[in-house]
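Novice: Sequence:
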Amino acid sequence: ESAGARSFSTTIGHNTETVRDPRYLDLITRGLLWACDKLNDDYLRPYDGDQQVTFIDKREVTSTNQQSIGKRPAGSTLVYAEASSTQQGHPAQHAIDGDRETRWCADGPQYPASLTLQFEQPLKIEAITLLWESRRAYQYQVEGSTDGQTWQLLLDRSDAGEVIAGEQALPTAATVSHLRITGKSGPRGGWCSIREVSLKGPGLDKLWPAGRDAQTGKLTAAAGNAYEKRGNVPPHIEPLAPEQEAKILREVRIPDGFVATVFAAPPAVNYPVFVAATVDGTLFVSSDGNGSLGRQEERGRVIRLRDLDGDGRADETKVFCEVDAPRGLVWDHDRLYLMHPPHLSVFIDRDGDGVADMQKTLVKNLAFGYDKRPADHTTNGLSLGVDGWLYIAGGDFGFMNAEGADGTMLTHRGGGVIRVRPDGSGLEIYSTGTRNILEVAISPQMEMFARDNTNDGGGWDVRLHHFTGNDNHGYPRLYKNFNDECVQPLADYGGGSGCGAVFIDEPGMGDWNNAPFTADWGTGSLYRHTVSPRGATYAETEPPQPFISLPRPTDADVDGNSRVYCASWLGATFNWAGPDVGYIVCVKPKDFTPAAMPDFAQATDDQLAQVFNDPSYRRRLEAQRELMRRGSPLQQKLLDNGLAQRNAERQLLARLQDDTDPAATELCLNSLNHADPVIVHTAIRMLAKRQAVPECFAAFDAHAAPARPLMRALAQIHQAEVVNGLIARLSDTEGDNRQEVLAALCRLHYQEAAWKGDSWGTRPDTRGPYYEPVAWDETPRIAAALNAALDRSSPAEVSFLIDT
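For the sequence shown, the numbering used here assigns the number 34 to the initial residue and increments by one for each residue that follows.
A few of these clues could be false.
Using 25 Å as the maximum straight-line C-alpha spacing, the simulated PhoX-like pairs for lysine-lysine come out as follows [what the hints assert, rightly or not]: (1) K251 to K239; (2) K233 to K251; (3) K262 to K239; (4) K393 to K351; (5) K405 to K393; (6) K157 to K251; (7) K157 to K262.
Bear in mind the hints are in silico, worked out from the structure with no lab data behind them.
Take these sequences, add in the hints, and give me the full structure.
Specialist: Take a look at the structure:
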């Protein structure tokens with residue numbers, strides 16, 4: 034107990050003898066109750082209620098590890114392996130599969146336990162190498178037999194007191210058809226478990242697992258797993274039995290008033306990373322067996338799922354296209370926009386059969402490919418705004434020399450939001466300074482939200498961001514030591530792992546409607562965020578509420594009938610773990626009947642414009658897309674309707690960024706003393722982006738705007754003109770304004786180094802304000818000016834310079 038707060042902690046490891054001891058369980062129980070100040074007779078009593086834990090018979094479950102056998106090497110020696118007992122997932126054959134990451138393990142801590150190897154024909158064994166699970170001392174014997182009945186002792190290590198590594202010659206070389214390794218005892222708490230057995234002798238080559246015919250005893254090579262090193266299983270529908278669906282849904286929690294079904298599970302779909310629903314409920318799924326860390330061939334594809342009878346379960350599954358590392362996706366009419374590192378492409382289905390007929394690359398090198406790194410912290414989710422742009426969530430590993438269809442080139446070292454038109458033109462950075470956001474939820478008013486990822490103890494936890502354009506959220510250069518120069522998050526949630534996002538504005542959602550939703554793999558929920566406008570940004574006014582809770586959610590989307598689809602990555606972590614991974618649930622309101630779906634293709638322009646009044650945002654957006662394809666000016670009305678709902682501060686923020694407005698720069702200068710920090714932040718960045726050097730100096734000289742934001746804008750412009758102007762003003766500037774000039778010179782002393790494509794990893798240097806500062810042409814002049822100023826400075830100014 035410390036400072037009036039109680040805490041209890043203990044380790045829970047793999048020492049089975051300790052963990053199963055009733056005294057240990059009593060310790061855990063009493064310790065937790067004591068920490069909660071509940072260690073009394075009211076709470077320290079046996080539980081006699083209904084059991085809430087779901088028990089699954091291990092005999093009904095096939096471990097994916099049992100399938101981990103590659104192709105048999107030529108000349109290998111067939112061996113049938115069996116054991117006195119086997120722990121689920123660690124069969125006897127794992128001791129001879131050539132993989133040190135797998136192992137045989139007895140089914141419990143009891144000794145003795147044995148592993149027996151049978152050969153096709155008698156072999157002379159001269160030496161043996163045993164790799165046990167842990168690098169601790171095991172005591173064991175090795176015996177041989179010609180019939181599997183009578184055994185001869187070949188090696189005795191029953192008294193081994195230390196680790197025996199490497200090859201061991203058998204004192205008595207023998208020709209045997211069976212070899213038995215018997216563990217007599219092992220390290221405290223350690224089960225009898227062997228990673229690999231190797232043998233040496235005439236005619237012996239690499240050992241290979243074999244099966245044995247029950248009638249004849251003949252050995253046959255174990256079948257290899259076709260998907261061990263590459264590929265994925267072809268999807269097909271196998272309807273779940275009611276008890277199978279119920280087993281999955283036991284782990285799914287939803288609010289009252291909604292019903293959940295398993296929309297699809299293996300083999301109809303697996304490894305769902307992102308999902309995209311069409312307005313009528315057809316679902317496209319990015320299926321990536323490589324996860325975030327794998328790089329094996331033919332693991333990725335996009336699967337199209339359709340519910341043909343409306344029961345919330347997919348009846349049809351097809352591979353729409355095959356592609357490495359499929360990520361964010363958006364369906365529009367006859368085409369799928371897909372981010373698949375390193376490229377952004379559009380896949381077109383001309384005949385509507387559910388299979389892509391054509392691929393066109395829209396942006397090249399918008400991420401790194403498998404030749405450089407796996408698809409972790411990569412360019413991720415894809416969202417379509419009512420403004421007609423595609424918005425892309427970028428991970429902080431960034432991209433180099435991305436090239437849009439119009440030849441626009443772009444490099445970005447960091448995370449943020451990138452946008453591009455659907456034809457691949459206009460590529461640009463919309464927002465920067467995030468870590469590893471996976472998708473942006475976009476509202477009908479073009480407000481954008483995303484859940485970011487923690488940097489594992491480096492001061493950047495799971496955050497909720499609001500993006501407004503030309504904003505810097507601070508990672509990794511600013512948030513630690515220059516936090517007043519970046520946009521603040523709407524919320525900080527501590528631990529977790531942010532994933533996909535969707536904005537839901539659909540009539541069947543009731544009290545859950547009209548909000549951004551974000552998925553968190555770590556905390557296991559799809560959350561609704563209650564946000565309200567606050568100045569130029571938003572505020573989260575209540576803690577996030579879990580709408581769908583399930584294991585490892587990755588993404589969600591909603592269709593035009595108020596059905597929400599949420600994907601789970603259950604069964605794997607960051608790489609291939611066999612074909613039976615993940616599922617998708619469909620959650621829909623119980624007492625809601627959607628209106629008939631409009632026939633968008635047959636409707637007139639005026640009828641489509643009337644759909645803009647529909648309570649379903651998905652339907653409104655679908656109508657707008659149809660008008661856009663027709664070239665109708667009516668499509669603009671939907672965007673105008675949304676933007677008109679913004680408050681005055683948010684409208685001002687958009688005007689600051691309007692490069693078509695000749696008064697925008699003056700407006701930025703006038704906004705530098707605004708009370709809203711996001712407006713000031715954006716005005717500074719826009720002045721720097723437009724390189725408004727004369728205008729900033731004129732405002733400084735005339736005291737027409739605050740010195741600090743003016744100097745911060747100039748400090749982002751590495752030009753000799755800026756350095757000359759700052760040095761010239763040192764001699765006739767006093768007080769706080771002089772300090773701001775000095776601060777700008779300090780910032781300009783270095784610039785960010787040209788990026789060569791190297792990764793900064795998951796915990797980059799956060800000292801800032803540059804990640805990799807380097808000198809530039811004006812560095813010597815700036816250093817001389819600062820040294821001269823230091824010599825003439827007052828103690829207060831010296832202290833300021835040192836801190837700066």
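Novice: CA of K157 to CA of K251, is that 25 Å or under?
Specialist: holds, 20 Å
Novice: For K251 and K239, compute the direct alpha-carbon distance and say whether it is at most 25 Å.
Specialist: Answer holds: K251 to K239 is near 19 Å, not above 25 Å.
Novice: Would the hint linking K262 and K239 be met if the CA-CA limit is 25 Å?
Specialist: Answer holds: K262 to K239 is near 20 Å, not above 25 Å.
Novice: If you draw a straight line from the CA of K233 to the CA of K251, is it 25 Å or shorter?
Specialist: Holds. K233 to K251 sits at ~23 Å (cutoff 25 Å).
Novice: Starting from K157, check that the Cα of K262 is at most 25 Å away, please.
Specialist: violated, 34 Å
Novice: Assess, step by step, whether the Cα of K405 is no farther than 25 Å from the Cα of K393, and give holds or violated.
Specialist: With Cα atoms ~23 Å apart, K405 and K393 stay inside 25 Å; holds.
Novice: Between the alpha carbons of K393 and K351, is the straight-line distance 25 Å or under?
Specialist: Holds, at roughly 21 Å.
Checked against the numbered hints given earlier, the structure breaks only hint 7 and satisfies all the rest.
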